[in-house]
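Asks: Chains as they are written, first to last, in full-length UniProt numbering: chain A, 1 to 280; chain B, 1 to 420; chain C, 1 to 291.
Just so you know, these hints were derived from the structure itself, not from any lab.
Relax, there's no trap hidden among the hints.
Here are the computed lysine-lysine pairs in the DSSO-like style, where the Cα-Cα straight-line distance is at most 27 Å:
#1 56(C) - 216(B)
#2 284(C) - 108(A)
#3 409(B) - 257(C)
#4 132(B) - 257(C)
#5 313(B) - 342(B)
#6 56(C) - 407(B)
#7 268(A) - 101(C)
#8 66(C) - 418(B)
#9 394(B) - 66(C)
#10 257(C) - 214(B)
#11 66(C) - 420(B)
#12 56(C) - 418(B)
#13 257(C) - 373(B)
#14 409(B) - 56(C)
#15 66(C) - 397(B)
#16 268(A) - 96(C)
#17 56(A) - 278(B)
#18 257(C) - 407(B)
#19 56(C) - 408(B)
Distance windows between CB atoms, simulated:
#20 59(A) - 112(B): 46 to 54 Å
#21 52(C) - 326(B): 55 to 63 Å
#22 280(B) - 136(A): 53 to 61 Å
Covered by chain C, according to a simulated footprint, are these stretches of chain B (three or more residues, beta-carbon under 8 Å):
#23 103 to 115
#24 246 to 258
Just so it is clear, CB atoms sit at the ideal spot from N, CA and C, and this is done for glycine as well.
Single-letter residue listing:
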Amino acid sequence: MFIILRGKGISFGRIVVYLLLLAVAFLCLMPFYSMIISSTHTNADIARKLLLLPGKHFMDNYTRLVDTVPIWRGFLNSVFITFTSTALTLYFSALVGYGFSKFNFKGKDILFVCVLSTMMIPGQLGIIGLYKMMDIFHMLNTYFPIILPSISNAFGVFFMKQMVDSSVPAEILESGRIDGCGEVKIFHRLVLPLLTPAIATLGIFSFIGKWNEFLTPMILLFDNNLQPLPVMIASVKSQFATDFGAMYVGIVISVIPILIFFSIVSKKIISGITAGALKG
Amino acid sequence: MKKFFSLSLIMILILSMLAGCSTVESAGKANDDNTLVIWTFFGDVKLMAKKFEEKYPNDHVIVKVFPGDQYKTKLQTALQAGGDDAPDIFDLERSYMGKFINSDFPVNLTKIGGEELVKGYVPYVQELGRDKDGDLMAVADTSSPGGFWCKKANAKKWLGTDDPEKISKMVESWDKIIKLGEKINKKSHGKVHLISHFGDVYNVEAYHLQPFVKDKTLQIDDGWKKAYKIQKEIFQNDVGAHLEFMSAGWNNALNEGNVILTAMPAWASFMIDNEDGKAENKYAVAKTPKGLYFGGTYRAINRASDKKKLAYKFLKFVTSKEWQQFNLEKTGNAPALKSVYKDNFDSYTSPLTGHLKILKQYYDLVEDVPAQKAGKYSEDLLGTWRIVAGQGIKDDKDFNDVVTQFKKKVRILYPEIKVK
Amino acid sequence: MKTALDRSRFGFYFVTPFFIIFLIFGLAPILYSLYLSFTSWDGFTDPVFVGFANYKRLLGDTLFFKSILNTMIIWIFSIVPQLILALVLAIILNEKFLRGKNFFRAVYYFPNIVTPVTLGVLFSLMFDWQTGSVNHLLVSLGIIDQPIYWLNSPWLSRIIVATVIMWQYFGFNMLVFIAGLQSIPQELYEAAEVDGANRLQVIFKIMLPLLRPVLLFTMITSIIGGLQLFDAPLMIGDGPENSTMTMVMYLYETAFKNFNYGYSAAIAYAIFIIILIFSIVSLKSQARKKD
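Turn these sequences into a full structure, and let the hints guide you.
Replies: Here it is, written out as structure tokens:
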């Protein structure tokens, strides 16, 4: 495979490489294809046949699903949670990262080590305590414990500090101070615009992370109308034990919007990840 | 940039406030004294509420349905958290109700004269709602008889008859089932099985044996040894189709008919594909060797509720003849009151079983189920036993090995239970 | 001088939000969990202090040890093929002659952004014994006569869970490797070409050695992630003989299915210690290799 890559034009080796790439692409997409096709058939057909072409029962399956599961509500909840959390993560990570990067204050180094060490703590360590605490504070079944922790995103701080180190020159800050801007204003007017590319990259990471979050909302939210999409999909699985059609529709609804979103911005996402990987 | 960020921050704050508010609004109840909030995992409770409101137009019922298997956790959380989010009445499922009725959450119905609710009930149905002291904590409005469901055409082909009574006779003991099953297995060259799974034995026998925990000590009823032997024979002789209860293949077999007798509750008949009425009059139900029931939905009043009177009124309604008769006719859910059974012996039929008068049979089955309390652990331990014994059967282990394994597991999982 | 001091005050203000929120939603619950791990608490009554009973129980809990083993097995089954595939694809997609690079990258990456819960449900449907499309496909193609009972075999179940994980993450790792490859200076390749090295030599002498830090970084992050596997396996279930029950699943089920909150807090701490040990060991080994 390697040797053959040298020549120009179409060679046997290149065909093999393309076939390999296509095979992997096929394996990547086949489950999604199968899911879409299955969602358009009756349960009996799903159970018995190999389905390759779309059927006519999507709406039947869809109706059975939305009769009991407010799946679109879940979708909107996810959108709301994800957008607010991401906005908080971005703003505060930039602010904290900037604070660590460009200021000298007592205990700065120790504090920064603290930030880094919080990255080592697995998310579920405090989950039982969080559950009981939120119960005591009457914050169960609210979005506060889901959204507010986004303010303290250790990876975001670490990433933003590095970005500020490399892309915010001290001269700009000085010139801002000479112009008489306050520190807060300098951050908003001068620093944030310089960080736009970093914000885009971090935004993608935290968006995906939050969109997929499952354990915390499942435990802390008990009202069906508040739950995000992953929790609803999980409950679809347990309530439609043998109603495959409805289950497939649920999965389709959770995948298709992401597919559309991804096909529009895939280039940005991929270059963002590449950039993020280099920094990390 | 600054504007954008301060704007988005404000947006976040406003939206999260809204989220906070909407929580209270959507989960909470109207502050009306005549409004009752019920939590359930079962969608049909809405019908119950509608009928109640029809009868008492001044009262209102809000039904919050939490489908899926996280309901019990949500319920526990809400009961603990109290406040506006908690329900006045909460539904409990058979599998975990023992934990809730032996806790401080429900109102002790016996102490407020609730024994009147379950007078005339099928014995096992009323006993399940009692805590360890024998006080009534929760009540059901249905019983859940199970039986051997079969496709009539299929029964005629393989058993030579589709008369439920004759079939019941043919399968009145496990020995007969094994013999018959072997015969059918041979005749069909292994394509058709008499029953779905050796687990059917477990499902039937489980509630006829003494519960696993007595006075916080593990006890193993002698009956388990016999049941284990029967299960092993069923497994080894391919009497069962190796399709676990409620699995996809099981459901398929129920509709296709490559399993002749499917042991299942009447409420599971929704698993039969009846599109355009194609399954109507196609099924018959025969008796299992012993009385059989599956699951159950129980209702309790929240001790922290400030509308206990209204809640009691609701329980009184659902335990009444009026509701149970209506429910039987409307949804086919079997009643809990013996009198409703008896009144309908000669009249009740359901679409899937056509002209068959199935209630008498159901009545015999549920009456045959011994009355047992839903203990705190009994259902968990049954589940553990089912897994350990199921594995033992597959690995062809001795009964004593299974018992040792089971005890080991109980020690780990439930350190508070004494194991001898 | 004074202004500099004044300014540093702002730095402190800027970083405080992080710590306030972390104290409330991070540290406090963790400490509270620690307390709960010394109690017996079933959610029906108040927690009762029981000392080290939960930890003692944990040491004899074969199910917990099994869950550790399961997690490791699933992790290894997913990480090894995942890294190999990601590496091969990254090297291929780094080739200049190739057309449609962006398409392939996007397609391979796509599974990564689909919610793990959804993937878990999807795979459990696809691998269903009687009704799943995988068996339908294999039977139709004549590869097998009888449907395979995938989720009834401990090892097959683990492999399926590992497949889900692998399928979800290989695209992401591939992008990371591509980034690593692109950071290799062009001159190195040119120099190699001048020396008359063939592709194989370029790959083994230049690409792989220079990618090693990236590979190690990926391994370490994936250990931490892999030990916390939860969403997708939860949807596929405990598996036969609990063979696909991961550590975090055991934590979850102990707390929210069996109402054993105190014990599950102890499990959470045990998991934390395991992750800590693994992170330290891998960081150390990375440091040693650098020397």
